[in-house]
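2 protein chains.
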Amino acid sequence: MRIALDAMGTDTAPGPEVAGAIQALRAYEGDDVEIILVGDEVLIEAELAKYSDVPEGISVHHAPDRVTPGDPPASVIRRKPESSIVVGLRLHKQGEANAFVSAGSTGAVMASSLFTLRPLPGVDRPPVGALLPTARELCLLLDAGANIGCKPQHLVQFAHLGSVYTRDAMGRPDPRVGLLNIGEEPGKGDELTVEAYELLKSEKGINFIGNIEGRDIVRGECDVIVCDGFVGNILLKFYESVAGYIVDLLRTELEAAEDSGVDLEHVFRVLDYAEYGGAPLLGLGGVSIICHGGSPPKAIHNALAVAARAVRSGLVRHSEEDLRIPS
Amino acid sequence: MRIALDAMGTDTAPGPEVAGAIQALRAYEGDDVEIILVGDEVLIEAELAKYSDVPEGISVHHAPDRVTPGDPPASVIRRKPESSIVVGLRLHKQGEANAFVSAGSTGAVMASSLFTLRPLPGVDRPPVGALLPTARELCLLLDAGANIGCKPQHLVQFAHLGSVYTRDAMGRPDPRVGLLNIGEEPGKGDELTVEAYELLKSEKGINFIGNIEGRDIVRGECDVIVCDGFVGNILLKFYESVAGYIVDLLRTELEAAEDSGVDLEHVFRVLDYAEYGGAPLLGLGGVSIICHGGSPPKAIHNALAVAARAVRSGLVRHSEEDLRIPS
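Chains as they are written, first to last, in the numbering used here: chain D, 1 to 327; chain H, 1 to 327.
The shape of chain D in the complex, shown without the other chains:
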């Protein structure tokens, strides 16, 4: 298996990409995984030269251009066909790579993935997933911001795509799907959620457990939460920031506690998004994983692991089959 990794995506590229790729290959030693670093070959080779023991299975594919924050996402495909994002996706599309991972501009990766990999039949609006830490296991929230103004049937498609993803890439045998809403009872919510509830409760092939309120999210009672990208995006960004805020509140005490044997490493690890390996784009004819622009090597490593698992499990084929089930 080959994974194309955009080597020019993070804010300090290609350092974290190269380090993450090396970490990943060392961890998978013996597995059949190769990583293609896509980007400026001079910069990448210079970075690789810092390592005395680059594992086998790393190669470089030159892409002379680079997407910058000022580039309108939708125009990247047309205006920057030789950028690392577009070149990496093209390698995937042409079968030279089995998946694509990037920490570049979220909008550009989404738009370019959509254009290059195309939505699967039955998918109107491919969603982006986000993994939320909960009191139990991680929960996949989708849509996390790609689709604003969803229709009820889009949430049903998200439920299918999220179920296949959590089954294939996260090992959940019978994923529970919740609908993000403002009350537990059926009939609660806005027009979208009231109608989506009705569709979801009789939809075949998903394990719908009903409405999920804001306060239920961290309890971790579902594997997949579906919602419109507007509320999903606000919730995700809020969650990412609030953990930091609460930890800041604790900072003085933590500093005092550092000498007193208080072990907070586990807490930070649970709340650390770098652990979770990026946000998958779902419902496309390929595997495309987006990482934060500030990703450290560990986050890149984990995103590569998620991509490998998605490829190995047959995520795309399963998604396609699942959506073909007549509902």
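Take these hints with a grain of salt, some might be off.
Chain copies aren't distinguished; within one or between two, either way the pair holds.
Unchecked claim - Below, a list of computed lysine-lysine pairs in the DSSO-like style, where the Cα atoms sit at most 27 Å apart:
#1 204 to 188
#2 50 to 151
#3 204 to 237
#4 237 to 151
#5 188 to 151
#6 50 to 298
#7 204 to 151
#8 298 to 237
#9 201 to 151
#10 201 to 50
#11 93 to 151
#12 50 to 204
#13 50 to 93
#14 188 to 237
#15 298 to 201
These are computed hints drawn from the structure, not numbers from a lab.
Mind docking chain H on chain D? Use the hints.
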């Protein structure tokens, strides 16, 4: 000034209400504040009898009936006219009390307040506010769940009502208003927020600072955040639960740290909703404050303080005047 306090609202009523009222009167000694405990006079008197030193200024107004969780909120006014909620609001409406505070069913208090106190001229959909802890000061989020499917002009009304409230009841001289959205730039968002942005940026009498993303909320850069009640409710409930979740994550370490001099009291206090004194209903011809059903005496005390401040500052009159300004 007299405040009508629903004495039958909390899950363990009337204990917390009586204790909170006594705390409040002791704190305001010398101020001209009286509290009318509204509810079952036998139960209230029995509770008062537990105190040897009940301060002056407490009186009891009998209300034989009580709203229960099974009562449909909209029907309480008609079906339970002698409930503590309806009787308390009537005392306010008739001028025998200057404000009403209740920890009873949120829906019942909202519906009964709306019906009894009526919206002010210029207010189509009175919002409910919620106070969010931030890295700086508390921030008023509205609407927190009373209004689903808002129109752009409703968010403009919320901006006015929130500005007057934070000025009058929270002492913010020039409240900054943000629009909750999924991007910072104008033009981002769903239909509602795109149109609301256009209205808000040219609206007179408010200090609009633009779009606020999920990650900006805890930074505390605005005094008022306006949004539709759907996203506001999900965000509020999520925030209430996530603090507890993160503290749970810390629990083992906290227990270990208890003996090691780590002082976490401040952290808990900042995240403790009981500190903040309830959720105000805004845009009505009166002052109505809703507390959590699980409110301890401190929360009741603080809600009474907020009500007193709202009355003293002329909140209702200011709201009415503010909404009369031609925009």
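Status of each hint after checking the structure:
1. 204 to 188: within (22 Å within a copy, 35 Å between copies)
2. 50 to 151: neither (51 Å within a copy, 57 Å between copies)
3. 204 to 237: Classified as neither; 32 Å inside a copy, 30 Å across copies.
4. 237 to 151: For residue 237 and residue 151, both the intra-copy (23 Å) and inter-copy (24 Å) Cα distances are at most 27 Å.
5. 188 to 151: Both: 17 Å inside a copy, 19 Å across copies.
6. 50 to 298: The answer is within: 18 Å in one copy meets 27 Å, while 60 Å across copies does not.
7. 204 to 151: Within one copy only: 19 Å inside, 35 Å across.
8. 298 to 237: Cα proximity of residue 298 and residue 237: one copy only (21 Å, versus 32 Å across).
9. 201 to 151: Answer is within; shortest intra-copy Cα gap is 16 Å, inter-copy 29 Å.
10. 201 to 50: neither (55 Å within a copy, 52 Å between copies)
11. 93 to 151: Answer is neither: 29 Å inside a copy and 43 Å across each miss the 27 Å cutoff.
12. 50 to 204: neither (53 Å within a copy, 59 Å between copies)
13. 50 to 93: Cα proximity of residue 50 and residue 93: none, with 31 Å in one copy and 77 Å across.
14. 188 to 237: Both: 25 Å inside a chain and 15 Å across chains, each within 27 Å.
15. 298 to 201: neither (39 Å within a copy, 43 Å between copies)
The earlier numbered hints that this structure contradicts are 2, 3, 10, 11, 12, 13, 15.
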